[in-house]
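Each chain, letter by letter, is given below.
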Amino acid sequence: MHKKTIVVGLAGNPNSGKTTIFNALTGSRQKVANWSGVTVEKREGRLSYKGYNIIIVDLPGTYSLSSFSIEEIVARDFIIGSHFRRSQHGEGRKSRFSGRRRHHNHSHHAQFFEEYTHQPADHPDVIINVVDAGNLERNLYLTTQLIEMNARIVMALNMYDEAETKGFNINTDTLSTLLGMDIVKTIATKSIGIDKLLDAVINVCLKKSPKTRHLHINYGADLEKEIKNIQETIWSDEEIGQKYSTRWLAMRLIEGDPDAEKKLKSFTNYNNIKKQVQESKTEIEKKFHDSIDTVLTDMRYGFITGAIRESVTRTKAKRKDLSEKIDKFVTNRYLAFPILIVFLWLLFQLTFSLGKYPMDWIEKGVSLISALFEKQIPEGPLKDLLIDGIIGGVGGVIVFLPNILILFMGISFMEDTGYMARAAFKMDKIMHTMGLHGKSFISLVMGFGCNVPAIMATRSLESTRDRILTILINPFMSCSARLPVYVLFAGTFFHKYAGAVIASLYFIGVIFAFISAKLFRAVFFKGESTPFVMELPPYRMPTLKTTLLHMWDRGSVYLKKVGGIILVFSIIIWVLSAYPKTDNNEEYNLKIEKITADYKANRNILISRHGEVPEELNMLKDEYLSKKEQLQLEMKSEQMKNTFIGKFGKIILPVIKPLGFNWQMGISLTTGFIAKEIVVSTMGVLYHASESEEEGALIKPLNQVLKKKEFGITPLIAYTFLLFVLLYVPCLGTVVVMGREAGWSWALFSIVYQIILAWIVCFLFYNAGLLLGFR
Amino acid sequence: MIKIDADCNFESTDLSSNMEDYVESIELLSRKKKVVRVKDIAKSLNIKMPSVTAALQKLEEKGLINYERYGYVDLTESGKAIAEKVYNRHSFLTDFFHDVLKIDRKRADKVACRVEHDLTSEACKQIFKLIQFYKSESSENREWTERLNDLLEQRSLSEIREGDTSVIIFINESPYKKRLSEMGFRKGENIRVIKYAPLKDPIEVKIKDYNISLRVEEAKSIIVKPVINGTDEES
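First to last, the protein sequences are chains A and B.
In terms of my numbering, the first sequence is residues 660 to 1434.
In terms of my numbering, the second sequence is residues 34 to 268.
Bound-form chain B, shown alone (with noise of 0.2 Å):
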């Protein structure tokens, strides 16, 4: 049996999502600054003044957090467990859908956000078990997580974005293949992605030294896996 630490609290906050976010960022400000100003918090969670301003008014009436009007923002002890709980939510969550389903961190943090304040504890516990067995088995180099790794990381062309580098896994059966592949779409190929074109069809790559334009229907038919940035090398 594989033992799992599940000793994460994933216990609800009984607060609204809205709430969980205004605490969640007041930390994270507060840990990035020795002060934390309402215009900040606006700011970061993209919300206008008076808004934020009445919602701290409620977290401090349920004594989460100590506010003076037109003053500085602190979480009281209270606040920081919540702070605590919710950030860890997210944190695993970004580490889930980067680490394990291969999403780009930054697109990770984004979907991490939109559904930390939904998953019930249960499914939260189930998703952390699944994380913690999937990293201890591929650091144990288990081949099914290499497998898993190739069929997550793969992406067709026409997903990558721009200024992206890619490298081509394989090219699918299609009336273009022969001209792409006399053309230098091989495997094994770095393929940057230049830029799509003002109406998002075709798409400029570079491959070899030359630019090119592929419409995104055959761009489509080359399946590839993105290079980590900075590891350009030409076999």
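Bound conformation, chain A alone (with noise of 0.2 Å):
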């Protein structure tokens, strides 16, 4: 039999456990997406329930569904979407459920209405309400604009336990009656009624639920009047007022929604309807002295008050509120920094230095494999993808993976515990004044390790706009990949100075972090202010699985959405830097048998003459290897030279010459676009020298190498080309990670932001330094 499907949308308050409820629902069968357009999450969970099969959409968490955020307007379409096929009266209820959905033919109509309309699992049948029963009346808020959007909703009283504790009691039938909907008491940490909340679901939709019914809510005499007077004027065009409820249009055009303004546009009364509905706001204006916006507002809280006034009944708080006592101590004048400073240092050695483990495991099981496919593998074309494009890019995916991972512990554990919206608070004062929000912090802070799980971070910021300035500021927190670049210049050019060079290095990029944050506030965002009214939620112990299922979450979008992506991308680059082929493996394989030759003749010679003396016996060997090495060096630099990377770091070095840069220099640059780290090693090629620094190796080590006089590389230089490395290019990964939170083209800005900035600042640095009389 086909089993029948019910779509359910999940809508509440940040912080009212919706997730948790979600989490309850579906289990482990999520999947994670964005809704489409914006870079809002969108996530979807199925379960079968008595022979129903359950869509359970998880709506953004919103306080109101009409100030017209990115994700208020998501929830609010979501929700539209089963409100726009409605008549008036409730009739024609037409969902998947009991019947076919009804055909529109009238062209104009039925353009207005397929922009509501996107795939099925967009309509839902019925709204599961969730409300933290310990804060009902703000919880209510958005119940009551629900109602109005005859919404079919069913209501899961969640953490009615927590209330019970502050002293509420709550008459869930009378607050059930009042409200015209089921209400399930849940409390989603310990699955207690989510197997009610089901039944309800089902219950309504087979409108066996004898409390739901459809609710007006009283705006009381003078503004009813001129919602009629709206609703009147729009029913004088009989096609709209047959399709939709005239009384929600009325609403939302009393309160000025541009998006239902900008719809009705099409139809032949717009004009009409646009005179009353200004002659009805400066009546009621006037009748109250208040804004239109303050005044249904309070409506819908006198309506709130009324609807509490009659079910719920207080008593003293059984204990004193815990989370005020903690917060003594977390957010103390002068405890607040260092206990601060605790966690991050906490997260960010449990992320970089305990992720350091499983990392090394990655690579080593990589490189295992590598050696596997080697000896298996005939040599050719084929096995050089299979090996140094397809293993080495997955092993470049994968191994990002345990930060992810651990760092999303430990997000959605200050998260859940209402410890992240303290740290925000905390630090609000300082990321304000930069434009940004507390939250950025965590974000930033992290990019000093990686700035991929470092993006991937700023989710938890809720307005879009501060998220995406985070990202573009994220790639100037000097990770740890550029950090091996920066050793072995500063090392190498500036002796004891060293540590404060690298230091320096930090805190310049934190200081164009900042630079950019302002200026992009200016440029892109300009007089848009977000409030910071951000909910200090009473602290909460997680529960383990909530911890899990976040980890797996990020886990497995970053494997799906970043990984592949970022393996295309590698296996491409990969291609750029091994092809054109340079066939001189023969030439050079001549030259080392040729000393091979030469060494096993002096060997012999050596021996017939002063018998075997191990001391000259291994200055020869150590000689002949040092050459061998030598040799190979510099096939392989041969051959990176003619691939395209090698080309393009040539072409683009009349670009680079001004800031002092040789062509060595611009060819590990453009190789360090995969990853900064690899700047040292495309570096120990191109200088035919060891990256190790290890006393008696073979070769000359890179540091003593770079400072030969032939190259050219003075300490002024050098630093010039620290600050490139920090400033001039996110790392593919990040780029990748950029475009999928943030958007491509912000991602792709981002990349030509920062290496016009880099040349510039370099540029500058570089002369300046030259007219100071730097060398």
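Derived from the structure by calculation, the hints contain no laboratory data.
Any given hint might turn out to be false.
Stated by the list, open to error - The list that follows gives simulated cross-link-like pairs (lysine to aspartate or glutamate, DMTMM-like), each with its CA atoms no further than 25 Å apart: (1) B:239 - A:1121; (2) B:258 - B:170; (3) B:239 - A:823; (4) B:239 - A:796; (5) A:946 - A:916; (6) B:91 - B:117.
What the hints assert, rightly or not - Facing chain A, a subset of chain B residues (Cβ under 10 Å, in silico): (7) 228; (8) 229; (9) 245; (10) 250.
Unchecked claim - Not the full set, but computed from the structure, chain A residues with beta-carbon under 7 Å of chain B: (11) 794; (12) 995; (13) 1191; (14) 1192; (15) 1195.
From a predicted model like this one, the values you see are computed outputs, not experimental measurements.
Built from N, CA and C at the ideal position, the CB exists for glycine as well.
Make one complex out of these two single chains by using the hints.
Below, the structure written as structure tokens:
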């Protein structure tokens, strides 16, 4: 038998336990994507219950549905998806559940309608409104808006145990009658009430729920009169009147919803409607001496206060507010920052120090697999592609996974306990002077480890604007991959000041992050101010399930959405760095054979002259081996110079020449796009030097070679080069994550911006240095 | 004509403001304790012992106190008269700042301490008249006194101190007004300032049983009236 499908939307305030309910309902059967066209996360889960397929869509957590932030628009459009199919009186509520959708053949109306009609799963049959029972009054505000949208609602009265300790006694029967919807008490963290919630959902779909009725919130005589006036004007075009809830439309118009207005433009009586709306507005504002928004909000809260008065009794709290006690320490004037630093230090250490072990295992595993293939597969381009391109690429993707999992375990812990909000509370003053949000801080600190998980961590910022801004400046935080480059150059050219040089780079990065943040805020997000009305939820114990699901979530998003793209790009870049091939193996093999023969001959001569003297023989051998390695490096270097990337590195020489860079630096910077640490290994090849600085290495280590006069690298050029590495471009992984999280145009912008910035800064620095007589 | 009882004596005491402080504090201490010691005076005025001793010697020379080294301090009759004068001035100024200007009593007391010595007797008299007039008018429930009260009691939320409760009077037009009112910031709602962030911006407040943080800039747009503690009634 074909199972019936019910689509359920999950709506609620932030911190109402919505995600916990979602997890309790769906377990790990969830998929995470973005809402079409925007970078707001859409989570969808499925379950089977009593013969029904239930699809649950987690809507963004919002306090209201009328402020028109992207999150609110997404949630509202989803809910309206069902609404616009309904007539005013709740008849013809035709959904997939009860029958087939109605067809619309009037073209312009169909278009109006179409925009709210996405894929099938975008029409909820029922909305589960998750409400924090301990904070009923404010949570019910969203409920009133859902009621106005004619949504069919089941309320999950969540965390009612917490509410009881707070001293609230909620009579759900009365409240249910007053609000016209089923109410189920739940404690999502303990999975209590989840089945009942599903039963209620099915009942509502079967229209077997006696409590569910269509309710009009009474706005009082004055407002009702004006709403009626507008409704009547709308009715003058019968078509709209028949299709949409005119009351709802009237409400939207009077509240000045630009979306509703825009879409009504195509109707014949648009001008009349607009005029009537304006008149009504003026009338109301005159009567109440206040803006229409405030009047409406007041009325809704009036309705809520009335409902609460009749259904909630309050006794003394059973225990003192624990949160305030904890906060005495956590946000204490003197302890706040030390505690924050300890938390961040722990998070950083866990993510990057503990994460190093699994990363090493992954790297070892990858090289093991490569070695295995090395033996099995015959020589040829396919082998190179498989080993260097694909296996190397996959390794490069999954190597970040431990970092991401651990970081999100930490972030999930901080969010679920409520500490995240406190951290933002403490840091907001500093971050706000830069035009950022307190929560940006966590992501930026993580950027010192690796920008990839750090950018993913911006998901905890509610406003898209703050998120994009934080993402864009993240690459200025010197990630750990840049450290090897810093260490090499600072150690080589600045000796005992190496530490100061490295510290200065970290510092300069932060400065540029803040300058850029200010600049972006002024240029791209002008005049838009996000209010910092951030809830400080009570401290709560996180559950293992939520934490693990959160980790799993991020991990799978990374592997599926980010990993794939990184893999494709790294294969492309591998091809560019491996082709065209230079066939100089033969030539060099001949050379190597020759010196091998020479070595053997010399060795024999030596033995015949002096007998087997170990010191002499070892010296000879060392000399031979170093020559051999030198030749091999020359071979590789020649090959690299001829590849696309090598050629590119040489082509850009005129561009980087004014900064004092040579062609080796050009190629290294180009390959550094894959990952910043590759700058060092590329230089090793190009300068025919060993990367390791161990004593007694066979060939000269890179730090000695770099100093050679013939390469012309002065301390001034070295520092300029470091500045360039700090600023020039986010690495491939970072760009891809940016693309996913902020959109590809922002990722592209970031590349262009940073390259230009790096060039200008380095040019000014280098020339100023020359003028001042530095070398 | 309103008849003002201006009997109060605001004549100058011919003492320096420091000396006035000493006399006043000896008087206040002697009301609280049986005997007044030098260290009590030092403590209450937050002045070092040797300076106190020096000052006391001067006062003794003027015949305002009886004082023995390392012993108790007593005001003489003329000392008492001066103390009375100084104290009267202080307390009527405190009344003015608290009862009329609606400044919190503790802070009103502090302000009074700062200005009491510098006001001329003429200014004192005029202020005294004003207080009397105001009191008689407000006891007759004149409308203008109520309006004045409302005006003077209004504060922006950013001026409320940690731990104090106030009630919202209105919210100024601002880009955040709508968001704030949707989150429950409405006329007549009680709001308690829980704490200021370590760097003094954002502020944590409690409204409708939940805690929320606001930037000072946003808090400035919320106009409130302090609620006298103990009457935390919800509408």
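Comparing the hints with the structure gives:
1. Of the supplied pair hints, the one linking residue 239 (chain B) and residue 1121 (chain A) holds, its CA atoms being roughly 21 Å apart against a limit of 25 Å.
2. For the proposed pair residue 258 (chain B) and residue 170 (chain B), the alpha carbon gap of about 22 Å is at most 25 Å, so the pair holds.
3. Between the alpha carbons of residue 239 (chain B) and residue 823 (chain A) the distance comes to roughly 19 Å, so the proposed pair stays at or under 25 Å and holds.
4. The hinted pair formed by residue 239 (chain B) and residue 796 (chain A) meets the criterion: a straight-line CA distance of about 14 Å does not exceed 25 Å.
5. Distance hint between residue 946 (chain A) and residue 916 (chain A) is fulfilled; the C-alpha atoms sit about 22 Å from each other, no more than 25 Å.
6. Between residue 91 (chain B) and residue 117 (chain B) the CA atoms are separated by roughly 19 Å; this keeps the pair inside 25 Å, and the hint holds.
7. For residue 228 (chain B), the interface hint holds, the least distance from its beta-carbon to any beta-carbon of chain A being 6 Å, beneath 10 Å.
8. Annotation: residue 229 (chain B) was flagged as interfacial toward chain A, and the flag holds, the nearest CB pair being 8 Å apart, inside 10 Å.
9. A distance limit of 10 Å between C-beta atoms decides the matter here; for residue 245 (chain B) the minimum to chain A is near 5 Å, and the interface restraint holds.
10. The interface hint given for residue 250 (chain B) is met, as the beta carbon of that residue sits about 9 Å from the closest beta carbon of chain A, less than 10 Å.
11. Residue-level restraint check for residue 794 (chain A) holds (minimum Cβ-Cβ distance to chain B is 5 Å; threshold 7 Å).
12. Residue-level restraint check for residue 995 (chain A) holds (minimum Cβ-Cβ distance to chain B is 4 Å; threshold 7 Å).
13. The interface hint given for residue 1191 (chain A) is met, as the beta carbon of that residue sits about 4 Å from the closest beta carbon of chain B, less than 7 Å.
14. Because the smallest distance between the Cβ of residue 1192 (chain A) and any Cβ of chain B comes to about 6 Å, under 7 Å, the interface hint for this residue holds.
15. At a threshold of 7 Å, the smallest CB-CB gap from residue 1195 (chain A) to chain B is about 4 Å, leaving the interface hint in force.
Of the numbered hints stated above, none is contradicted by the structure.
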